[in-house]
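Each of the two chains sits in its own frame; use the hints to bring them together as a complex.
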Amino acid sequence: MGGAWNDGVAIGAVLSALLASAGLALVSRRATQLALLVQAVAGAVLAIEGLSLAGGREAELHVGSLLGVLSVDLRYDALSGLFLIALGLVAVSSSLFALGHHGAIRSRGDGFAYAAFLVSMAALFGSDTAFTFLLAWEAMALSSAALVFGPNPGPSTVRAGYIYLALTHLASAAIVVAFAMLAGSDGRLDFASMRAAAQTLEPAARDAAFLLLLLGFATKAGLVPVHVWLPRAHPQAPSHVSALMSGVMVTAGVFGVLRVIIGVLGPGPIWWALLLLALGGLSAILGALYALVERDLKRLLAFSTIENVGIIFLGLGVALIGGSAGLPVLAALGTGAALVHTLNHAAFKGLLFLVAGSIDGATGTRDLDRLGGLVRTMPWTSVLFGVGAVSLAGVPPFSGFAGEWLTFQGLLSAGAASALDPAARLAAMLAVGAIGLSAGLALAAVVKAVGSSLLALPRSTGAGAALEVGRLERGAAAFLAVATIAMGLFAVPVRDLAAAAATATATAATASVRPTDAAIVERLPAGLGGYEPLSLGVVLFLVIVATWAIARRRALPARRVPTWACGIAPTAAHEYTATSFDKPARLFFEPILRPIRSRNLEFEPGAPFPHRLTYRSHVDHLVESRIYVPVHRATIAFAQIARRLQQGTLQLYLAYTVVALVIILIVAR
Amino acid sequence: MTVLLIVQGALVFAGAPLFAGISRKLKARLQYRRGPSIWQPYRDLRKWWSKNAVESDASSPLTSLVPVLVLGVMAAAAMLVPILSTSSFAPGMADVLVIVGLLALARLSLALLALDAGSAFGGMGSSREVAIAALVEPGLVLALAVAAISGGSTDLSVLAARGLELGPALLGAPMLLAAAAYVIVAIAETGHEPVDNPDTHLELTMIHEGMILEASGRRLAMLMYAGHLKFVVVAGIFMAVFLPFGAVGDAGATTAGAPADNAPVALVVAVAAAVLKLVVAALGLGLLDAGLAKFRILALPSLLGLAAVLAVTATAAYLWFPT
Chain A
1 MGGAWNDGVA IGAVLSALLA SAGLALVSRR ATQLALLVQA VAGAVLAIEG
51 LSLAGGREAE LHVGSLLGVL SVDLRYDALS GLFLIALGLV AVSSSLFALG
101 HHGAIRSRGD GFAYAAFLVS MAALFGSDTA FTFLLAWEAM ALSSAALVFG
151 PNPGPSTVRA GYIYLALTHL ASAAIVVAFA MLAGSDGRLD FASMRAAAQT
201 LEPAARDAAF LLLLLGFATK AGLVPVHVWL PRAHPQAPSH VSALMSGVMV
251 TAGVFGVLRV IIGVLGPGPI WWALLLLALG GLSAILGALY ALVERDLKRL
301 LAFSTIENVG IIFLGLGVAL IGGSAGLPVL AALGTGAALV HTLNHAAFKG
351 LLFLVAGSID GATGTRDLDR LGGLVRTMPW TSVLFGVGAV SLAGVPPFSG
401 FAGEWLTFQG LLSAGAASAL DPAARLAAML AVGAIGLSAG LALAAVVKAV
451 GSSLLALPRS TGAGAALEVG RLERGAAAFL AVATIAMGLF AVPVRDLAAA
501 AATATATAAT ASVRPTDAAI VERLPAGLGG YEPLSLGVVL FLVIVATWAI
551 ARRRALPARR VPTWACGIAP TAAHEYTATS FDKPARLFFE PILRPIRSRN
601 LEFEPGAPFP HRLTYRSHVD HLVESRIYVP VHRATIAFAQ IARRLQQGTL
651 QLYLAYTVVA LVIILIVAR
Chain B
1 MTVLLIVQGA LVFAGAPLFA GISRKLKARL QYRRGPSIWQ PYRDLRKWWS
51 KNAVESDASS PLTSLVPVLV LGVMAAAAML VPILSTSSFA PGMADVLVIV
101 GLLALARLSL ALLALDAGSA FGGMGSSREV AIAALVEPGL VLALAVAAIS
151 GGSTDLSVLA ARGLELGPAL LGAPMLLAAA AYVIVAIAET GHEPVDNPDT
201 HLELTMIHEG MILEASGRRL AMLMYAGHLK FVVVAGIFMA VFLPFGAVGD
251 AGATTAGAPA DNAPVALVVA VAAAVLKLVV AALGLGLLDA GLAKFRILAL
301 PSLLGLAAVL AVTATAAYLW FPT
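The listed protein sequences correspond, in order, to chains A and B.
With this note's numbering, the residue at position 449 of the first sequence is 449, and numbering never jumps.
With this note's numbering, the residue at position 255 of the second sequence is 255, and numbering never jumps.
No lab work stands behind these hints: they were computed from the structure.
Note that CB positions come from ideal geometry on N, CA and C, so glycine has one too.
It is possible that some hints are incorrect.
[To be verified] So, partial list: chain A residues that the calculated Cβ filter (under 7 Å) puts toward chain B:
| id | residue |
| --- | --- |
| 1 | G361 |
| 2 | V375 |
| 3 | V395 |
| 4 | L412 |
| 5 | V447 |
| 6 | A549 |
| 7 | R553 |
| 8 | L556 |
| 9 | F581 |
| 10 | P591 |
| 11 | I592 |
[Said to hold, decoys possible] Listed below are several chain B residues computed to face chain A (Cβ distance under 10 Å; list not exhaustive):
| id | residue |
| --- | --- |
| 12 | A14 |
| 13 | V73 |
| 14 | F89 |
| 15 | G284 |
| 16 | A316 |
Chain B extracted, bound-state conformation (with noise of 0.2 Å):
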């Protein structure tokens, strides 16, 4: 087990942030760009790591607190998400409702944080996303309660075992449904096309981009590579809940009926399966990104409202019509 959380550390804190190289890349080409490398993220993290940064004279010691804050937030969340297992660096602790609250303190910090400055772009950031944030958590909880109601737990471990335990099984009507709820609140909440362009520096449209337009250097750093393990997280909760086929059971055993004594070939085949996980993620946000152009934000409380009855919907069919 323990290699197997060296592994999985190794792959989301080093590995985060390549997906989002890998979905502007795919946007770049729909495009008929070439783009940027898909390694670009590392090379953006690494200049701006590495120059000094520039604050505004309003600001409070928050601006030079809060990145530190949220990625310290976000890394702990990445490390309480059991990805390659179903278990996490700090067992017993991976209770969904818990690692959804870390995000909320993460956007706490981090609205506060566009304020700071006193621009009004960051104001606007700020309003926006915790405007659409709270149009977001009714359908990203009603989501997950269907899966905690039918597994019997909050504990992303417990549900990802039971996961493996029915296989193909765990996605029935109920199931279904409250996925695709929360991949509608997951594209809110990671920040893509239709509600925010990850790439925009338009001020009139930015939301994500909006927020962090006063940090710089190492601060900015800090931030990118938060958004960057956010990614991983709410894909990780997904992936935990919804699709944990591949990664390795509690007796060390995958679904596909290895033995336990094989051990090695467990651990690349839930490497190989998170990965690919995680990429067809990237690459289906790309699509998103490339494919859709931003919703008016008056037409989000639709989007946001169809992932909330979707969710409900779930509940309904899994209360009248368990299988």
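Bound conformation, chain A alone (with noise of 0.2 Å):
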């Protein structure tokens, strides 16, 4: 209990920590570096903290009321410590960038959305009532708002923040109606009393509660279909911000998942966990594939982003299959390798980010059309590229691999459960196709993304002229590319951390659970087979050193000359492009991309060649122009007819309420 109690004061040091460097940040520009180097520390203590959480450990908060009536209760568990964690490493890495990097921090305004950020995530992963959760829930909405709109916008940035509040704000409506729905005759608002009631709910209504909920929660973790707001705001924010974006708040949505739909709502037919296999299955896919075929880099982690949290629904699709038909071992399994996703995506992704952000500021561009080369002039940036690629594009033994393998089991184990029926399995195994997919297209992205900003020549003067940046931004982002590693091959350790949070979930999952189950659920198992990352890295890199040390013997020096490019001078115009290298992409998927390319030559009267060429290629965002387009279109339709009935004269509105009032009449005859 002791033990407790600190963890308590711990995070509550945090939080006020964080909350008086909002203040600081408001105060001057150099109070603002302060502010960051708080927001630093803070993040490593959230990290251990979340360490200590996962063991086991809880941690309650009870923070004054509000208006004298609701309270701001704060209740930190095992699932809490996890996204703690998460929230921390980042954190850590973004607020040392934001202080390394020119420019990160644009006004005082941005510093103190910064740090409420940060405060209303901490608050959120551990709020233990409706209020606290949407209190905390709206503050992440706004203040990354703020951060997305910044000081100056331009007209796209605008577009941007207003597509992603008039979503974000979708789901918050949908849960703030769940919530309605879940709290009961007597109104009490804490998730015990909450699941208490909602166990007594009609079947009817725990589904349309299900349904707001994971609205709600899809919208914020960016899957399709309502993911449109993702690739528009996330890039649009600074690269520290983004890098908390992608990698911490759309795991809000995935913590929503756990904490609400599982923890309150609790068991449910199996058509919930389909419904969350679909969206996940479709999320993977589209989202690498459109990762594939973007240019800007920011925009391209940013559709990566999408594909992950798909990976992670499909773990959090089997927890639920696990849960509803009583498999308290499968539901750990898919909860376990949820949050382990959860987890590695955070700290790649917000490496990445970072890198990404650095990039930016060193070439001024971040169109990989127009980058190149950069191996030779930001050698330790392109390192640290190199281990955000090599985790977010899957392979072993990097920290990616661990977390789709573990879905993969997941899904496996799903599909071997005999207990389950056909159609179920069956949708298991079609998932298992949809990672398959997803990875070979992540694959691509990744060396799309690597390949034509890193490697050959420059294609533009400010890749060309691109320096290194400061020790302390590319340290930042090493500290994420350390933990990245480290999560890679201890994935094991990993793997562990995440059991106590995963029974915690498998029990609420699950309808009726026996005493033996419980006892199986205290190590996560392993699914149907076994990845041991450091002993494959261990011979990974003895197979290595012996090959390098044979292929060093008595070798001969390799002569230098320029590429072969059929007889003329190489240059930069004769490279592969990120636009030529997803061409095959382009046309194999062309039924869901729909490219546009046209090609305009202009002729000097008389000159046998061009003198100019203009050339534009698009895809087409299928979900965009099919289902928001049309809304969109018959929204204003609808709002042209509807502003006839506002004529302005006194007389008219009347004769209006007299119409209604004969209506109401008639109707409640």
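Here it is in structure tokens:
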């Protein structure tokens, strides 16, 4: 118990320090620097606290009462702990990065919003009542929106910001309605009472609450088809904020599913699980596909976030399958997979966004077609980029693979579970194929991003004149790089770290847990296979070193000559650009991407060769053009009709009132 | 078991180039050419090994690092696959998803190497390779998933042991369909017709050759040797999952019913069976190379989609009609 008290004090101190740093950021630019230092330290403490909580300790905090009625109640458990680790790790790096990167904090308001963003996420992961959850949720949405807008937003930023605000408020509205449904007759808003009330709800009402909650959480997580804000908003924010948004904020949706859908709503019918699998699979494939055909480095990373969130939701789907079928071991495996991938993704995606920020700052562009050759001018940044990239590509023994492997194992265990309906097992197997396809596409996207930004010759003057970034900036990214490599090699301890949270979640998700089942999930099951990245890493290391030792014996020196370009002097214009690189994929996935290409040649009169060539290519985003654009058009059209009612004359409005009264009298007769 | 592993290592690492030689020989004979000797791949490797490398002045250290990395990863993968028996060099590490992941790691490195020199040919090969690999992946994991859920494991050793136990009963309709799917993706994965032409040097069509166009000398030798090992890895997965017959089981006895004290006989049977399977696979690829024209690249989604559909059908067959 003494331990729990210490945890509570530590988290309370961190939250107070973060709040103080928000005030500090408002004072002056100089104080903002101090605030960033405070935030970095706070992040480190949060990560350490998260480790302690994930081991099974708990911490409670009750912060006063607002309006005399509602109090902010925080209760941190093992599940909160894992999300705090993700938040803490990324917060350390992004705060130090902001300190080192010129112009990262654009105004005092920016510094304030950044601090508020950190506080709201730290509070969200510990919220124990619906009120606290919504308060933190809204604060997180608004502070991040403020960071997306920035002090002097241009037209495209304003557009991205408004789309973000609209969708995030749609999400909040859905969650508020669902909470109201779950509050029960006595109106108590703490999660424990709500869970008791939820069990007495009628099935139809539970289904409705599930759909509303899923809409809210899927929007925040950036699942297709409610993802459209994510690739717009994430790249607009400064890179250290993008790192937090993509690495940690999207996982608020994952946290919501675990804490509210599983923790409060409890076990549900199998179609809940199948819906999660469908959304997860769709997001994994489309996210990776759009990442592959994207030219803007930060947008590419944002789409890849959609892919990874999709994979996390496949793990959550397995958890719900297990819960619905009364298989707590399967539920624990699915939850564990989701949590491990959440943690790993936070670290490597945070790292990649920071690196993208460094590249953007050093070259002045994020357009992959205009980068190239950075491995010579920015060697440290290139190495850091490489570390993030191999993790993102999902290859062993790096961290992205660990989460994907566990998710595979969860889905295969569901496929092998004879207690399940064959249709559900087939759905799990289709999801296996979906991860396969998305992993292949993600690898292609990684080759494209790394190859066209780091390798060969620079394709613009900005890329050619790039200088390596400062020590603090790359040190901040290096912290996450080291964490990423460690999380890849020590995937088994990371998995065990998630065991307590996964067990608790599995128990909450399962309708009837027999005591024997509860004992099984004390240590996370490994599914159908075995993957020990540390021993694999040792084997790989030894074999590669042996190969290297053999290859260097009596090796002749290499002769350096220009690249053969069929007889002409090679230039950067001969290179494959990022756009050329994804051409095969654009052709393969033509029915989905609907690529448009226009080429325009201008000739001087009488000249045989064109003096000017313009080329445009574009891919369609089906969800936007088929769902959002029609809805948008219909809304505008309806508004055009509706505004004819507004003529501004008093007599007309009185007439409306009379007509409405007559209709009500007829209906209510 | 130690003897088995030593023999397996010798077979895999010394024999890998031979299968490419056999495959090329058959192709040449079918084209009414005499063709080079089946030992030609060894001569090529020795020749490249002792030449000095020429590298682009636009290239980074990646150009010298990647060949070592690719060969090392492929050698590790080749050591993890059980071929002569149900065990591999590293017990408990023969997880098929991890081995597929190692193939992806090698592909990632090679695709980056291809972009390093800034040559358009490298970019062409690299971009096609990764796009085709993305289409290969679902069929590959789904075909293996069928075996994993029916065998209850993703570990190749466990799957091979179970296959030996079941005997021909292993190959029910679901496994046959999954095997067909695997064969299609294996052709694409090893770079043979109708997906890629292993002999072409015509820049508009080459994929794998395009990626290694800038490699030379010892580096080329390492990359080519890694390619030979890859054939054994991809075929070895197939053998462990779908066709383990002839391999030495856990107790040291073969399925033919040889007693456990008859280990030398079992070893000879296992070697003969493994060589036979690998030679048949090499001849099959040679036959395809000679008999099929390369598909238009736009037709590849249909071919590789077919593999995924076969694998899903296999899954459905297993789930609704388990034998």
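Violated hints - listed by number, lowest first: Violated: hints 1, 6, 7, 10, 11, 12 and 15.
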